[in-house]
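Asker: Each chain, letter by letter, is given below.
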Amino acid sequence: MAPIQGLDSLSNALATLAQLSTSSSSLDGVPTDLEASVRFAGSLLTQAAGVLLRLPQEVIAQAVVIFTRFWIGPEGGSLAIYSAKDISAASVYLTAKLSFQPTSPRSVLNVYSFLLSKEASPLWFVNPNGPGVQPAPETYYLSEGTYQSERLVLLRMEATILRTLGFQIRVIIPHTIALTYLQTMNATSPALAKRIFEHLSAALLSPQLLYVTHQPNALAVAAIYLGAREEGVKLADGEWWKVFDVDREELGFLVVAMRSMNGFAMAEKDKWKTQPIPLIADDVMEELEKKRASDGD
Amino acid sequence: MSTTLKSRWADDNDDDPEVEAQRKHEKEKKKLAKATKQRKLEVKDSAQEQQQQEDENTFNGEAERPAKRRRLSEDAGMPVEAEPKRAICLRFPAPEWGPCRHVDNFEKLNHIEEGSYGWVSRAKDIVTGEIVALKKLKMENSPDGFPVTGLREIQMLMEARHHNIVHLREVVVGDKMDDVYLVMDFLEHDLKTLLDEMREPFLPSEIKTLLLQILSATEFLHSHWILHRDMKTSNLLMNNRGEIKLADFGMARYYGDPPPKLTQLVVTLWYRSPELLLGSEKYGPEIDIFAVTGPPTQQTWPSFRSLPNARSLRLPPSSKSASVTGPVLLPRSKFPYLTNAGLALMSVLLALNPASRPNVAECLKHPYFHEDPRPKPKEMFPTFPSKARLERRRRRETPEAPKHGAEAPQLDFADVFSAPLEGDTGEVGAGFTLRLG
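Residue numbers (full-length UniProt numbering), protein chains in the order written: chain A, 1 to 297; chain B, 1 to 437.
Everything labelled a hint here was simulated from the structure, so no lab data went into it. Mixed in with the good hints, there may be bad ones.
Chain A stretches covered by chain B per the calculated footprint, using a threshold of three residues with CB under 8 Å from any CB of chain B [what the hints assert, rightly or not]: (1) 13 to 21; (2) 61 to 70; (3) 244 to 254; (4) 280 to 294.
We put the CB at the ideal spot given by N, CA and C, even for glycine.
Next up, chain A with everything else stripped away, as it sits in the complex:
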């Protein structure tokens, strides 16, 4: 039966089974755990850049989803060819362009050169030692020459993303859907809504790729279920999630996935305590060489 019309504004494009089983990076020999780490770091980088660019969380979340979509499938982008930082910057630029708050290439590149600076970056996966008290401005300054060359890279990556995704760049974000569901159940409370948003934003970084495997309504329901549990808010009796077209199995899976986010993030932070996560294609290859060498020993 054909899908019901009029639900487009509630649903997203999802990855197919084939796309989930093989990725372009794995074909290029990048191990799955490294791929997950780089994707995680790239998503965090995207989120941080969005915050510094003062973009609304809706736009940031869309950028992270586009960033995630790019690496999926054998015909997606490979970490051995494209640098995660470039794709992240292009995702932010592209999403902002289509939103009500467009931003300029210069702003985007300024923010990224700060966030990727080895000395000044506040991000743990770029600068594991943390920024000094007052890092020298030269360490994160974008010179005019670099700007011009980086701008060309940014625009080329933008076109690459569009081609790789076949222009499928529309992303529906579950945050507003979750609020509507909460209101429907007469359970709005600021604390609960905050917790739900936290879960939804954390799920963006999930190694289980929740935003490209599940529809926004399911993500919203799972976040509500989990948030209400944690905040001790009593929701409707009975299987209320079915009203929102989510079945028990899917809800269970998503709740487990969302709860495991914290553990995953902690493990990643622990794993990359001493060295930065490679966000450039060359660094990824170098990391691969190192791994091969250590495996050989």
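Keeping the supplied structure of chain A fixed, place chain B upon it in accordance with the hints.
Answerer: Then chain B, alone, in the frame of chain A:
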């Protein structure tokens, strides 16, 4: 994983009508059951069976929970109708994504037109042989990367799936990063060329059908928070089956409520509504309404003096300064063939004050569409030669009837059976002529 989920939903959906029918049937039974207790028991039995079936379908072996629930409802002494209904989860459409195909999959046939937005040509899908329209986006001198208008156009056409909006099949790319083509359904005519070339205008019944289709597309767009911002005849495509499709979303964009600040420089000048001409930065779907078809005064549009460009506008002194009550109609004498309802609709569509323009839903309910002549069925539409398909109207010169009282022409039949003269425009065989002697 998603595919397994999808297929399960698909299965659920497949027996949708059956389930629906069952449920109705059950309900009717239950109503009767209230009357006789014995029947009530019977129904319960059948309901239990139903429940078990459902358990098998949706839970795969979790039979305890529903059993518990049933007991609860009995304990509470609730009527049987209150029993939890069978829950069917909707299957959401989940499109996939993949890299763009190459434009070499299409063979260009002929050029159709060039606009500010790009080049359109007729092309053939090499694999399937289908005829499509290929639109190459103009990309040059865009310092900000992929032009946002092109992005919006693609996104909106992907979202706007409606039978009166041109269907975007896919986006294909060329060798260079700048080569991006939209592959759309090919339609034989655009309304502007057609209206220019038509020998007789459309009949009132045909106009109604066309207008209804245009309004239906507009209603769909506005309900999806899309403003087209360039409604005009050259952007309305028509096929030979009487169907009209809205195209060219190069100007379109999303809007919100309250409307965001947008640029004023939209809509081709002739179709631009007065509030845009006068520099309003916040506008809504009313501008599209205006385009689907004397100077403003304080009575017809109270707040227009506050718009930026209105200050520089000098109005001719109004001859009738008496207060205007009720809707202002367009001058009757200009539209002698329009019925009263038609004139009323046109007047409100072209109302100067955006607030008094109707929304699309109101337009569609207008009595104009319900009075005679009724809208003509699409199937009954005449066909026309398609300019985009390089077809021309066959012109056959026919002699006129002899004028009364004119002198009979002197006819010379001497060389009727001899060879035709050089440069004679008589019928010529295809390809070659046989020369004798």
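Asker: Determine for every hint whether it applies to the structure shown.
Answerer: For each hint, the structure was consulted:
1. With 7 residues having a Cβ less than 8 Å from any Cβ of chain B, the region 13 to 21 of chain A passes the three-residue criterion, so the hint holds.
2. Judged by the Cβ-Cβ criterion of 8 Å, the region 61 to 70 of chain A is not covered by chain B as claimed, because only 1 of its residues qualify and three are needed.
3. With 5 residues having a beta carbon nearer than 8 Å to a beta carbon of chain B, the region 244 to 254 of chain A meets the requirement of three or more and the stated coverage holds.
4. Requiring three or more residues with a Cβ within less than 8 Å of a Cβ of chain B, the coverage given for the region 280 to 294 of chain A is violated, as only 0 such residues are present.
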